[in-house]
Amino acid sequence: MLDAVLLFRHALYGALVIAVACSVLGVYVVLRRIVFVGAALAQLSSAGIALAMFLSGIGVASGLTGHPVAMALVVTLAGALFFGVEGGGRGPVPPDATIGVAYAVAAAAGILLIAKARSGEAHDIFLQGNILSITLKDTLVLLAVSVPVLLVHLLFYKEFLFVSFDRETARTLGYRVGAWNLFLYLTLGLVIAFAMQFAGVMLVFNFLVLPAVTGLLLARGMGGVFFWSVASAVVAAVIGFTLSVPFDLPTGPAIICISGALALLAWGVRRLRG
Amino acid sequence: MSALVTFDGVALGYGRRTVLSDLSFAVSEGDFLGLVGPNGAGKTTVLRAILGSLPPQRGTLTRAPRLRFGYVPQRDQVDYSFPLKVLDVVLMGRYDRIGLARRPGKDDRDRAMAALEHVGIPELAGRQLKDLSGGQKQRTLIARALVGEPNVLVLDEPTNGMDLVSTTQILGLVRELHERDRLTVIMVSHALNEVANYVERIALVVGGGFRIGSVDEIMTVPVLSEMYGIPVEVDSFNGHRIVLARRFAPGEEASRA
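Read top to bottom, the protein sequences are chains A and B.
Counting in numbering that gives the first Met the number 0, the first sequence runs without a single skipped number right up to 273 at its last residue.
Counting in numbering that gives the first Met the number 0, the second sequence runs without a single skipped number right up to 256 at its last residue.
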């Protein structure tokens, strides 16, 4: 079993980077009740990849179409910008409905584009990802994106926390709440755009939601939530990955099921504590 | 008393819609002002203008230099799903003083503890905010407003949804802060009867109209009947003023309709 896992060790390292980055940002995603922003951004990212493949197939060979990740990044950051600006919810359409529209349209557009792309892969690659294909170079790219984002979150923890917890009071103390929200959404979009390339919509969404839920169930302070969120994401990634390789299981769903089991365990611990 | 915030012919609204117009009044140092009116009348609009988050459509709105507000939001504006301890919440009141990307130090923690003592709940510093009662949560939010050393304490519906005991305690605490520390206080509320017995001046915002004056000037039958558009009675009981909508005689209400 160990030999098989070692064979894909670079993929495991990549999965761990995605797990850590998403599980840190996921704490804000869950606490701010924007879990479907995570799903919609992941779908937008996949639509970006599909668009790059489609354009490349019909001979539109610009810099963006040659690099699907660049197109995914552009589309995802545009989505993050949109959700960040519209997040105030003062428009005629409720924010969750806007997110739903973006999710549905991005998912459908991705499928349509990939169906007509000459160099397309199977549709479910977007949903499930192909985490085993992560190479050492991919892991380094993921690290190059995730480490600065995590450092930004460490540095501006107090600011992100304040505008997430009580935006009105933050505003009265001179915080530019809109700008901070936008900044948070852009870091989220950046991580999702890169993570999506390998992990797929479902696994990215999992890492953004389930570990944070586990953290909230187990911890009694914000530090604890971040700790348990990251810890449970790492444990789920390692166990899911380790089980999936020798037993020939799809890796993403295996990790998600372990994440779910950990969240269930945390819920049990919470109930026992009373 | 020097003016801290001055409205001069100010019109307020959102987009092209004007909510209130021709507002001319001042909030002075040492004031204890109740901003009172029914829900949706425009209290929050005036409040946002005072705090500086809503620019006037017309007129001039000036604030004293280095004016600092201690804002206490409505309790339901705060998200209690965040697992934050009381001390952590109070420390937020110093975040802008601490500076960007810096962590609270010992001095900030000492000041936060002092603010908790000031509002009478130092023993709750380590408790989770979500586990507190309504009154304790409100005291925590008041402590957070005070820890920033404000010139003006602004409370938005501080007794909303509270029982009689908690309401009395919170309003008593606010009056104590005003009298003991000579703190300027602006209290927003829809409950005229509650506010009128604590504040020194009342700004009444009803149906697009605005009237400001001392409690004695505002709490009169002609003013309140005109502002609310219904006949009212103003009574006094043990020094407390009570406003009641006048009860119609049988048949009178139907004939009015």
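Just so you know, these hints were derived from the structure itself, not from any lab.
The beta-carbon is built from N, C-alpha and C at its ideal position, and this holds for glycine as well.
Just so you know, not all the hints are guaranteed correct.
Restraint ranges, calculated between C-beta atoms of paired labels, are given here [as the list claims (entries may be wrong)]: (1) Glu167/A with Ser132/B: 58 to 68 angstroms; (2) Gly220/A with Lys105/B: 11 to 21 angstroms; (3) Ser132/B with Leu248/A: 46 to 56 angstroms; (4) Val100/A with Ser52/B: 24 to 34 angstroms; (5) Lys115/A with Gly207/B: 53 to 63 angstroms; (6) Leu271/A with Ala25/B: 51 to 61 angstroms.
Straight-line C-alpha distance at most 25 angstroms; calculated DSS-like pairs for lysine-lysine [what the hints assert, rightly or not]: (7) Lys129/B with Lys157/A; (8) Lys157/A with Lys105/B; (9) Lys84/B with Lys157/A; (10) Lys129/B with Lys84/B; (11) Lys105/B with Lys84/B.
To see whether the hints hold, each was checked on the structure:
1. Glu167/A with Ser132/B: 58 to 68 angstroms: For Glu167/A and Ser132/B the Cβ distance comes to about 22 angstroms; the hint is violated.
2. Gly220/A with Lys105/B: 11 to 21 angstroms: holds (19 angstroms)
3. Ser132/B with Leu248/A: 46 to 56 angstroms: Because 50 angstroms falls inside the window, the suggested range holds.
4. Val100/A with Ser52/B: 24 to 34 angstroms: Between Val100/A and Ser52/B, where Cβ atoms are some 29 angstroms apart, the hint holds.
5. Lys115/A with Gly207/B: 53 to 63 angstroms: With a Cβ separation near 57 angstroms, Lys115/A and Gly207/B satisfy 53 to 63 angstroms, so the hint holds.
6. Leu271/A with Ala25/B: 51 to 61 angstroms: holds (59 angstroms)
7. Lys129/B with Lys157/A: Judged against 25 angstroms, a Cα distance of about 19 angstroms means the pair holds.
8. Lys157/A with Lys105/B: Between Lys157/A and Lys105/B the Cα gap is close to 16 angstroms, so the pair holds against 25 angstroms.
9. Lys84/B with Lys157/A: holds (14 angstroms)
10. Lys129/B with Lys84/B: holds (9 angstroms)
11. Lys105/B with Lys84/B: With a Cα-Cα distance of about 17 angstroms, the restraint between Lys105/B and Lys84/B holds, given a limit of 25 angstroms.
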